[in-house]
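Protein chains in written order, with the numbering used here: chain E, 1 to 288; chain G, 1 to 348.
Hints may contain errors.
[Stated by the list, open to error] On the chain E side, residues computed to face chain G include the following (Cβ under 7 Å):
1) M1
2) P35
3) A39
4) D43
5) T45
Because the hints were derived from the structure by calculation, they are not lab data. Small disclaimer: the values here were computed from a predicted structure and weren't measured. The beta-carbon is built from N, C-alpha and C at its ideal position, and this holds for glycine as well.
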Amino acid sequence: MRHSARIQVGPVRFRIGSDWRAPIAAIEALYADYPRDDARPADATVRLFAARPWRRWLRPSVHIGGDFVVPDALPLPLAMGLLAAEMGMNLQVALGWRRHLLLHASAVARDGRAVILSGESGSGKSTLAALLGEGDWRLMGDEFTLIDPASGDALAFPRVVSLKNEAIAEMTARVDAARMGPLLVGTPKGDIRHLVPRADAIAAMHVPARPALILFPRFGGEAAIEPMGEGEAFVRLTEASTNYTALGEAGFAALARLVRGTPAFGISYPDSATGMALVERLWAETAR
Amino acid sequence: MSAVRTLVDLLAGRADAATLAPRDWDGVISVARAEAMLATLAHHLRDTGLPPAVAALFADQRAAARVAQAQALWEVEMARRALAPQGIEFVLLKGAAYAAAGLSCSEGRQIGDLDILVQALDVRRAENALLNAGWEWVKSDPYDDFYYREHMHELPPLIHSVRDRMIDVHHTILPLTHRKTPDALALVGDAVATVDGYAVLCPEDMAVHCAAHMIADGDLQGGLRNLWDFHCLTRDFASADPGYWGKLDGRAAMHGLRGAAHRSARLARDIYGAVLPPGWDRHDPADLWFRRRLLARDDWGRQTDFLLQQAFYIRSHWMRMPPLMLAKHLWTKWRKGHNPASRGTSSS
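Let the hints inform the model, and build the full structure from the sequences given.
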């Protein structure tokens, strides 16, 4: 393709091709400080393309393709090319990655032990992880957490954090502007702005962490902590995994081991400060 | 060299994996994925000197293919439990058959829907037995349903309500309206049993069906994978039975598919380096178009050569039904708002 970039996030190396320069330039700017290993071939390919040649210039719209595609996925305007690239990368991991059990969850780590936060979008798991990652936690990722079936460890996937709507202002107030990407207004997911994780989180992206706590956050309502049984945590995490079925017995064994060895809680919180305090409290009381 | 050429050279043993640069691998991996052959390649290049990242990715693919194959064979067993009590015998076709018979082309091979062949007189009973055992009709429109039942060689696809897996129940191997009419009775009658007691086509019919599916029925979408099946099947059968190619020739002629079998063999020779006996080792200038169609993919895994694709698409329909019927079919599809170039009933 006309323009391309290669980036590595955690264990996955991507090749991104595009009919336009802009999405590649945006990706390269955001991932400029990620480790580069150009001797390594790509595991996954993303393609950003115009459905018809003239749509490169005339009302340009970016179709998302790659090794794996979602049929009938809607294209995005060129101004949201960065979001298209991000969606393409997520898609390749969600549908193609087989080395680890994939959880649609954010995670942070401290002292080699991880807190995994699983929830629907809107649960605040990304924002909580991003905020914790600005304190004395290492951000492991805001979208995917990978569980190694062999060791049971959690592996990081620290792509740039995708901040949405209210979370944008909350983070912009706290971090250096150089770590923020361009503001994408009015995307199908609302306003989006990307945050580059802290340098220490990127540098440690290959360092595994032992799962210590599984949380199912829910934004809104009174502050509350609800202990969760292994069975419920298991079922919820099968729903949060994109490759649990494809992994077969290895996936079952990895997930069973995870929920048996890791205490799980549902937490509700009315605001980020309370959410962070709940995480700290549970960490102090129960993490093992 | 283009990535798709590198891919077939690696499979044919003409290229050495150790000489590939990282950028070469990017393309090869993408193209192999697009052709549903990455795990096949991973098996083929096992124990060769691969860059660590490629070796790790290939190990993932082999493990994933093992799980997928076990799941596909479980689906075979589920079909047996649904059909055997009704006394309905069925023959496994394509991917599930190769896996059940432990054939070399099944190593890493992706298996999609479960394809089975039953005698024409058992079709309705088979459908009922499957519906009673938890399969349901995929919601489709009345025209597609009518088209399948009236003109196709298989029932409209059924999907299992719990396991979410599709089954295609065939009663022959080419559409009823196709210019060729294979001998369906012989296909079922001469089927052979695997060690686990499942029926699969006899070695000659298995290669004939593979060739028919690739050359006489489809538009060569995914053709490299089908051609690899044909290549492995004929190579392994011929090495076990020196008279195999002769028998294949006769059997293909009986089914009216000698041309398709011979073309498949020549393409397997040209692309995967198959060694053919005299009588098969010929040349046909038209093979060029087939080779070009099979290799029409760029280094990003995208289909190229749009006009050639369209030509093969039209060809597949031309062989499948008489011109007047084709016109009517496309007219109906068009009026219903289907894009004739998209994949509807006609691509099965």
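Against the structure, the hints:
1. A least Cβ separation of about 6 Å between M1/E and chain G falls short of the 7 Å threshold, and the interface hint therefore holds.
2. For P35/E, the shortest C-beta to C-beta distance to chain G is roughly 14 Å, which exceeds 7 Å, and the interface hint is violated.
3. The interface hint given for A39/E holds, since its Cβ lies 5 Å from the closest Cβ of chain G, which is under the 7 Å cut-off.
4. Satisfaction of the interface hint for D43/E is found here, the shortest Cβ-Cβ separation to chain G being roughly 5 Å, below the 7 Å cut-off.
5. Evaluation of the T45/E hint against chain G yields a held restraint, the C-beta minimum of about 4 Å falling below 7 Å.
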